[in-house]
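> Residue numbers (the numbering used here), protein chains in the order written: chain A, 29 to 312; chain B, 479 to 702.
Hint data in this document are derived by calculation from the structure and do not stem from the laboratory.
Misleading hints may appear alongside valid ones.
Claimed, not checked - Once the Cα atoms are required to be at most 30 Å apart in a straight line, the calculated DSS-like pairs of lysine-lysine come out as: (1) Lys93/A <-> Lys550/B; (2) Lys700/B <-> Lys85/A; (3) Lys269/A <-> Lys298/A; (4) Lys163/A <-> Lys550/B; (5) Lys310/A <-> Lys272/A; (6) Lys145/A <-> Lys126/A; (7) Lys550/B <-> Lys89/A; (8) Lys483/B <-> Lys48/A; (9) Lys700/B <-> Lys163/A; (10) Lys699/B <-> Lys48/A; (11) Lys700/B <-> Lys53/A; (12) Lys126/A <-> Lys483/B; (13) Lys85/A <-> Lys626/B; (14) Lys699/B <-> Lys100/A; (15) Lys550/B <-> Lys58/A; (16) Lys263/A <-> Lys298/A; (17) Lys560/B <-> Lys93/A; (18) Lys163/A <-> Lys497/B; (19) Lys146/A <-> Lys700/B; (20) Lys595/B <-> Lys156/A; (21) Lys156/A <-> Lys672/B; (22) Lys700/B <-> Lys100/A; (23) Lys700/B <-> Lys177/A; (24) Lys264/A <-> Lys497/B; (25) Lys700/B <-> Lys93/A; (26) Lys483/B <-> Lys53/A; (27) Lys48/A <-> Lys550/B; (28) Lys129/A <-> Lys631/B; (29) Lys100/A <-> Lys497/B.
As the structure is a prediction and not an experimental result, all values here were calculated from the model.
Each chain, written out:
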Amino acid sequence: MEYNLEVINLTKNYQDFNLKQINIKLPTGKIIGLIGENGSGKTTTIKAILNLMTYDKGSIKIFGKDSINLTKKEREQIGIVLDDSFFSPILNVNDINKLMKDFYSNWNEKLYYDTIKKFKIPCNKPLKEFSSGMKMKIKVLCAIAHEPKLLILDEPTNGLDPIFRYEIIELFNNFVSNGENSILMTTHITSDLEHLADEIIFIDEGSIILDVPKDKIDNEYGIIELLEDDLTKIKKEDYLKCLKYKNECYILVNPKDEFHKKYSKLDVRKPTLEEMMLMLVKGE
Amino acid sequence: MNTIKGLLLKDLYVFRNFKGNIIFSIIMFIILIAIGSMQNDIFTIGSILFLIFFGMNSISSFSYDENADSDKYLLSLPTTRKDIVLSKYLFVFLNSFISILVGILVSFIITILVRGKVANLGDSLRICFLAFTSVSFLMCANVPCIYKWGVEKGRMQSVIIPALFIFLLGMFGSILLLLFPQIYLNIDLLYVFKISPYICLVLNILFYVISYLISYRIFLKKSI
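One chain only, chain A, in its complex shape (with noise of 0.2 Å):
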């Protein structure tokens, strides 16, 4: 298997947080969701893959190669969208399109003008007058229109309404359809993932907990709800976690087939991915 992203044992320290032992593999055609609470580690996790940050131990790969040795051809390979960080507000479309011309040297004008043009975006109006939705799509734009291979997100998908993350969410399916482009991106609006990701990756206090495939969610885990009072009637080793909300209980199962033949008279549904990172960080 071919990975455009390959982070292995990536480690670092700080006085009050610790990354620990992260392994992120992402094959060519894939999208991969970094899912965390805030502070969990996974803009740290994006900080370290693009070297804006020294780490204590581990590597990270990118098409094959160390990422510090990549060169800038290889570079322009890569495309970027970051929460906190972008060009100074005072600068608008055209400047953007202007500067980006020259940092990379595959940049389509014609894909960014068209969809500037789709996703009906003034062009001559500073940034600071912008929507942060609208924001956010001239980042992900800046981060597509050179025709990447990688693309590397950091919660691409804040501060936009529902249709604006569609239409992103499509774009970003559409890009990954070639089956040479990959996604790596964190978020912590899960539901853009349920769709979306090939594989799941949950970070908690700076730690993987969880790295799955989706389908193996939407397949093997399960959730129950259920009275307080009903689970004595349930086995502890028969259930992962356990997480009461006033009088009733939500309990997460795998394998779900095991637990339903056990229970039968149970309904054991989907969980979404939310309330496995509820389940996972709340559930006892």
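Keeping the supplied structure of chain A fixed, place chain B upon it in accordance with the hints.
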């Protein structure tokens, strides 16, 4: 090279934001120099005023970058830390250089129009070059402070460090004067003034190279 061009262009767009202020200030300066020239030859003062007023504006490009946290984004593009620091120094230099050139040109034209000629043009240009070198010194002391502490936090250090440097240089000169007074008696100040453009040229190169190396070292170690 294209990357440097892109980075310079980015900083240039910042200036466009206060295009109106710049044009208004230039017109005001032209009027002031024209009025002043009626009384005295103020070619040198006019040129230096341009340099001081416009030549140090490049610092604002650091503020804009800091506010938008642009360095993080720029480093994720196919640019290097070296490109970013180099482009900043080019921008700082070009901004001061163009300011003094425009100042000289505007003051020269006005002085010729009002007074018919510029008295001691050669000496006046030497003084302008000395002023340019002083501004280079200040800017070159400022930029590493900005890279180290940021625009806001580095404001105090940007004043203290060059002041401390000048103070130490003055102390060193005073000690030398006390120890070897004959050296000073033998110095031909007129000759030093005559060759001052060459001394300034060397100093400018030194200031920019040393400052660039310090800033690059700071930026290289910085977690963005």
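> Checked against the structure, which of the hints given earlier come out wrong?
Hints 8, 19, 20, 21, 24, 26, 28, 29 contradicted; others consistent.
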